[in-house]
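Protein chains: 2
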Amino acid sequence: MIPDSGWFTEICEECGSAFSIKLKEKVHEEQTPYQYIEIYETETFGTLMTLDGLVMVTDKDNFIYHEMMVHPALFAHPDPKRVLIIGGGDCGSLREVLKHGTVELAEQVELDERVTRVSEKFFPELTESNNDPRARLHFTDGIKWMADAKPESYDVIIVDSTDPVGPAAGLFSEAFYRDCFKALRAHGIVVGQSESPLFHASIIKSMRGALRAAGFQDVATLNFPQCSYPSGWWTATLACKDASLSDFRQDAAAHKDFPTRYYNPAMHTAALATPEFFPEALG
Amino acid sequence: MIPDSGWFTEICEECGSAFSIKLKEKVHEEQTPYQYIEIYETETFGTLMTLDGLVMVTDKDNFIYHEMMVHPALFAHPDPKRVLIIGGGDCGSLREVLKHGTVELAEQVELDERVTRVSEKFFPELTESNNDPRARLHFTDGIKWMADAKPESYDVIIVDSTDPVGPAAGLFSEAFYRDCFKALRAHGIVVGQSESPLFHASIIKSMRGALRAAGFQDVATLNFPQCSYPSGWWTATLACKDASLSDFRQDAAAHKDFPTRYYNPAMHTAALATPEFFPEALG
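Chains as they are written, first to last, in my numbering: chain A, 19 to 301; chain B, 19 to 301.
Here chain A stands alone, though its shape is the one from the complex (with noise of 0.2 Å):
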């Protein structure tokens, strides 16, 4: 049994599965306008936010989503200058784009100003470059964000969202991406949180399709293992407006001025390799 006392524990209905973490004590929790915020301090995996009861973020294995989310679409880009995050409110995607030295603007479009601000406070590391002179922080919906973005403004934008449930459902349909089309310049990347391969693969199949009836001329479905997500397997999902995905910076990748955990580009390469499955099941 995994009793409720000293034990954090989410249940995936339809991966008829669970995962629990081993609690020391909660230091936060609030009732947002838009959802509740949870932090935990953990035996092993640090700091644990959760955001209605879901796992957003954890010390331990949060470099692997957040590196994966933000290296290989701005090494696929040839030259990323502005970049635009919708959600990411926990700011580790952002600190990952404002690590390119090729980058002048790093928007921010989160709607819940309290999740950034309950980061600053629980994520020191994660939010450690919210004052870099090119992010600029808004707290407002991404989905009239994108719909009134001007046209070619962004070079890549990056949906670091929650679940395709509730208020970020419309973060995975083509009405939205029709936007971030319109909204990319030249050579534009768009990239999505896209679930498990192993239990969602219906979503990816549709998030794929999504974007191709958008206009986008490749779609590619990164995989990496993120250990708190459901099925410990994720995905990220990219699409470019004019160019393929295959190909990416790999010398600026290899000789890169900063520090990672998980990426290099034998593991760009690595996420895009696609298991045998993958065709049939994400169409």
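Where hints are given, some of them may not hold.
Chain copies aren't distinguished; within one or between two, either way the pair holds.
[To be verified] Pairs of lysine to aspartate or glutamate, EDC-like flavour, derived with a Cα cap of 16 Å: (1) K259 <-> D166; (2) K42 <-> E32; (3) K40 <-> E28; (4) K139 <-> E56; (5) K274 <-> E294; (6) K42 <-> E31; (7) K168 <-> E298; (8) K42 <-> D70; (9) K200 <-> D260; (10) K200 <-> D181; (11) K139 <-> D159; (12) K42 <-> D269; (13) K99 <-> D150; (14) K200 <-> E298; (15) K42 <-> E61.
Everything labelled a hint here was simulated from the structure, so no lab data went into it. The structure displayed is predicted, hence computed values, not measured ones.
Assemble the complex: chain A is given as a structure, and chain B must be docked to it using the hints.
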């Protein structure tokens, strides 16, 4: 709360985490001279076998583990004819080995015959090749088998064992690897499951050191997702007697005349890619 009733739960003490699978019913249990076997029908993972309360195999995700324990080693060998499996009582690795037309003999040495007999009843897919004329099943101690093995009698040795505690601990020792080295012919390869890179890096490091100390010229660690094992991220470590493991029979792998669901040449290369933190963590 995850109650005992209706759920199977495995707690990983050193991970500070637990993984639970929703059950339909328990369909079998028995105490053997070696361990306690339980078989469940689950909501979404198909049939589940546990040994002493630890997940061994589920219908849902065993294909990744079994394919990655077998095909990289067999395609890295120029002409694998004689294959030995130590452990592997569920016979899933044996089935993958026998898919290779080069294989003339596949011997399996499992300590606990009951694991195989129970698997024949509850995992008919995994055991479907047990009557292949090239297969020979022995039920005895694998450590002693290796100590007594004729020199230069195998091309590939697959150590498909439980965790390195209790009776399986000896399967991770330098002495055992020396016996493997002796029993392998030229170009011979040994491969063993080597736990989670996120939580058991010290085991992988010690295993790699023991393999090198035993005389193996090249050592490589493959990483792949495995949802139902702790952390959802797993490894297998290969060692070759006298050649590099970077090369493998890519053409043969690309034109294999048997189906797989995870393995293909791109996934072989992908699994060999080393995340940025591996070199330091794995020594």
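**OP:** Quick one: which hint numbers does this structure break? Sort them smallest to largest.
**Re:** Hint check: 1, 7, 8, 10, 11, 12, 14 fail, others pass.
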